[in-house]
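Engineer: Position chain B relative to chain A; hints supplied.
Chain by chain, the residues run as shown.
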Amino acid sequence: MLTSSVLTSGLLAQQGQPPGQGGAPEIDYLAILPIIIIFGAAAVGVLLEAVLPKHQRWSVQVGLSILAIVGAGLAFAYYVSDAPTEGITTIAGALSIDQPALFLWGTLLALGFGSILLIADRSVEPGGAFVAEAAIRPGTVQDRAQAQTTGMQTEVFPLALFALGGMMTFCAANDLLTMFIALEVLSLPLYLLCGLARRRRLLSQEAAVKYFLLGAFASAFFLYGLALLYGYAGSVKLADIATAAAGTDRSDALLFGGLGLLVVGLLFKGSVGPFHTWTPDVYQGAPTPVTAFMAACTKVAAFGGMLRVLTVAFESTSWEWRGVLWGVAIVSMVIGAILGLTQTDVKRMIAYSSIAHAGFLLIGTIALTDQGVSATMFYLLAYGFTTLAAFGVVSLVRDSSGEATHLSQWAGLAKRSPLIAAVFTFLLLALTGIPLTSGFVGKFVVFSAAIEDGMAPLVVIALVASAVAAFFYLRVIVLMYFSEPAEDGPTVSVPGTFTTAAITLGVAVTVLLGVLPTVVLDWATAGGGFAS
Amino acid sequence: MSAVLAQAVTLAQGGEVSTGEAVAFWILGPAAVAGALGMILARNAVHSALWLVLTMLSLAMIYLTQRATFLGFTQIIVYTGAIMMLFLFVLMLAGRDSSDSVVEVLRGQRLAAGLLGIGLAVLVVTLLGRSLTDTQIAAPLDPYSPEGGGAGGLGRLIFGDFLFPFELSAALLIVAAVGAMLLSHSGGKKTKKTQRELVEERFRGQHDRPSPLPGPGVFATANSVATPALLPDGSVAPESLSRIIDSAAAEEFRDEIREVSGTGPEADAHALITPAEGAEAPGGEGTDGQRADSEGDKA
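Sequence lines, in order, name chains A and B.
Residue numbers for the first sequence follow my numbering, so the first one is 790 and each next one is one higher.
Residue numbers for the second sequence follow my numbering, so the first one is 833 and each next one is one higher.
The shape of chain A in the complex, shown without the other chains (with noise of 0.2 Å):
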């Protein structure tokens, strides 16, 4: 707050450009039509939660819900057939819609559909994975008699489409200032779902409070590191940072405190170890839905912002901090590789993953070369399905007190459901990397791109964390065949309409980008780079 007066304050100082020139900007409304399309259903959402009977409102979320992603992907489809190739830049430069952009909105829609799918569900669990009244206190009276009604609070649907358009917007913010908004319109959401679960409501109420603290903290960072690179460049456009950026008569002390700053608040969003401590707990305590919504569209939205700030703003200096970030990313992928090794529970395991996934997206985002950019953001399509799909699998694995997630649960799983072991099965081997599976493209992109930016030894590393992240995902395979079922395990669920969608959707997705890769590959690589 009080940093953004400062900020204002030293706007109002400049006066090298006039502001607007008088007139009120130009807006492209047919390029920005599917983010207006997401946040004019959240916003409509809102209002039916107040006008509408409470046994009316989750159909009518739902289809709303759905209705706004497909409309969006309509109206993002039609000005993808005839977008111009070099990208264009709409509002006074706020929003830049160019190829990369238009790539992360098309993965986020696909993503947000099949999150919503899980959201929606409730054919699992009667009534859903969300608490009917979030504000009853847990472990009262009023808590145990609402335990036994089977409603949902379905704000949880406008919330999650306004997280989506933040997402949405942070990929495509061409000003630090729309991407700090975007970053809190997009966390302020995900910090309220993740204490909404039925079941566990201690622990899911934690998980908010615990994401909400570390959060505001990354956004201080951020907003801090905005603040300096404002006082280094006059302007918090990505493209006048790099102008001044590639003359040298200023003070880099601005420059670098400022982007470190700026970095920090980004890894923090990515779950990039060291700044990854939240990512275990939150991910454990969240709804499963949620946990998925996470793990796949916001890892699409930080690294996407990522991408672009440090391509467009930070490349001339690359050579300077490019070090720094060779170290988090082999501490983020030996973190998520080794503590991933002691993990019990299924759903800190996969978040340990993604801290490792993290540390692998991250080389291929300081190669900052176009086939870089183009690796990464393949392997973010390629890891939010088959995320999605392996925490849709999870939330089918349910005993009397609701989801089994300790391990020891899932032993002879293959034995009591030979389907859904065999999904959880491929979707593992995905996440590891094995050839004819999503994740062994994603990876190959990304460690060659890499390769040709001269980053081999980061490589070797990789590749090392790799296979010891293996073995744990190999010791769920063998636990799942080779282990005799407990006398009182869990039951596998059979999934209603929703969750089979999307999970069929991200299994289907894994196995199409795995066997055919081309066809997304040569989208992310038809390249006109970043418009700003």
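Hints listed in this document are in silico derivations from the structure and should not be mistaken for laboratory results.
Just so you know, not all the hints are guaranteed correct.
Unchecked claim - Estimated spans, in silico, between C-beta atoms of each pair: (1) B:L943 to A:G1285: 47 to 57 Å; (2) B:L943 to A:A866: 33 to 43 Å; (3) B:A953 to A:T939: 50 to 60 Å; (4) A:E1276 to B:P1044: 31 to 41 Å.
All values reported here derive from a predicted model rather than from experimental measurement.
Even for Gly, the Cβ is constructed at its ideal location relative to N, Cα and C.
Structural biologist: Below, chain B without anything else, positioned relative to chain A:
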């Protein structure tokens, strides 16, 4: 931190700083930093909020000395006036007696966090200090031009260059409002409990105590909430002491309380007899004796 930034802004005034401005800065800057530190270090949430008010007011004054009059007054009216007061209302509603837990869950965490935090602060401050020497200096503001420090310049920025972030913050506000409703408003029908149900719950131990909290009591010398209630034996009922209000009155009435509870100077049974034996005792016994006699006569 903000002081250093503000200094950067001060220096940006075309490189020349008038004496009055420098004096104002060196008074306001340390005040702003002190307010920020006080906000973090204060144990009481209300004190924290008031420290923050100090920081905001100092910043507002710095804006005014920068000739950004509109921004300065907005800072005072909106942040200090509206937002902070709202903040205080929320704190008062949520209960201001909640204090931090001082249990350290991870051993040595506080020490490590303190050292690293101070290290980072030193790093950033020296970095900013060094960079101030070769920062590009911006032109001074002219509050009388449409682009300057008045509302016009701010309006042009908000509705021109930064139109999209401005509109986007609407989404943020909607989410915040929905979130607050979601976490605090319980929309379900609340059937009020009957007295019988309440009594049953009390005696099942679902409440802290079966009876209501003690009132001021028979021997109360005042009906203020700060006056503690006295139990039948005269001792202070601990439940009647408010945790929020400092019970100064309890100290004031210590002697009376001790007297009533019998912990003060002993009321000795012999004190009635020994010193005034000649005067009162015979009379007393005499009355009793006469009474007994008359009863005996009746019988």
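Engineer: Compare the structure with each hint and give your call.
Structural biologist: Status of each hint after checking the structure:
Look at B:L943 against A:G1285: about 52 Å separates their beta carbons, and that is inside 47 to 57 Å. Between B:L943 and A:A866 the C-beta distance comes to about 56 Å, which lies outside the given range of 33 to 43 Å. Checked against the hint of 50 to 60 Å, the C-beta distance between B:A953 and A:T939 comes to roughly 52 Å, which is consistent with it. For A:E1276 and B:P1044, the Cβ-Cβ distance of about 52 Å falls outside the hinted range of 31 to 41 Å, so the restraint is violated.
The structure shown violates the earlier hints numbered 2, 4.
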